[in-house]
Amino acid sequence: MPRGRIRSWVDGNEKPDAVRGIEAACEYGWLDATYRDREFMALNTLVANVFSGGSIVTENFVPLFALNHADHRSHVNDALEESRSNRQQCQ
82 MPRGRIRSWV DGNEKPDAVR GIEAACEYGW LDATYRDREF MALNTLVANV FSGGSIVTEN
142 FVPLFALNHA DHRSHVNDAL EESRSNRQQC Q
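Residues in the sequence shown are numbered consecutively from 82, following the numbering used here.
Derived by calculation from the structure, the hints in this document are not laboratory data. Hints are supplied without guarantee of correctness; some may be wrong.
Stated by the list, open to error - With a Cα cut of at most 25 Å, we get these calculated SDA-like pairs of lysine to any residue:
| no. | residue 1 | residue 2 |
| --- | --- | --- |
| 1 | 96 | 171 |
| 2 | 96 | 111 |
| 3 | 96 | 108 |
| 4 | 96 | 138 |
| 5 | 96 | 144 |
| 6 | 96 | 168 |
| 7 | 96 | 112 |
| 8 | 96 | 84 |
Unchecked claim - Here are the in silico distance ranges between beta carbons for each label pair:
| no. | residue 1 | residue 2 | range |
| --- | --- | --- | --- |
| 9 | 165 | 133 | 41 to 49 Å |
| 10 | 139 | 119 | 12 to 20 Å |
| 11 | 84 | 150 | 48 to 56 Å |
Note that CB positions come from ideal geometry on N, CA and C, so glycine has one too.
All chains should be modelled from the sequences, with the hints used to inform the complete structure.
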């Protein structure tokens, strides 16, 4: 890997996107979630929505969700709220 791609990780306080993603997943309780946990159900709903009608933008890896006809009362909005509700500190 060229030094220019990792310079900010080694010389600065930056982290690779994958590391930030794992840290965020840990903070939201997604790594330890089991089938019966609310966090798992919310995350599973969001993943299913992306696969069934949404997409992921390739430039910045942001998920796009397909909302139902109710729009503001969509199950996606509920899942997004639930997936963020249990933020904790990870080590």
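Tested hints:
1. 96 x 171: OK: residue 96 and residue 171 at ~16 Å, within 25 Å.
2. 96 x 111: With Cα atoms ~20 Å apart, residue 96 and residue 111 stay inside 25 Å; holds.
3. 96 x 108: 16 Å, holds
4. 96 x 138: Holds, because 21 Å separates the two Cα atoms, which is no more than 25 Å.
5. 96 x 144: Judged against 25 Å, a Cα distance of about 21 Å means the pair holds.
6. 96 x 168: 20 Å, holds
7. 96 x 112: 19 Å, holds
8. 96 x 84: 14 Å, holds
9. 165 x 133: 41 to 49 Å: 22 Å, violated
10. 139 x 119: 12 to 20 Å: Given a distance of about 30 Å, which is not inside 12 to 20 Å, the answer is violated.
11. 84 x 150: 48 to 56 Å: 52 Å, holds
When held up to the earlier numbered hints, the structure conflicts with 9, 10 and fits the remainder.
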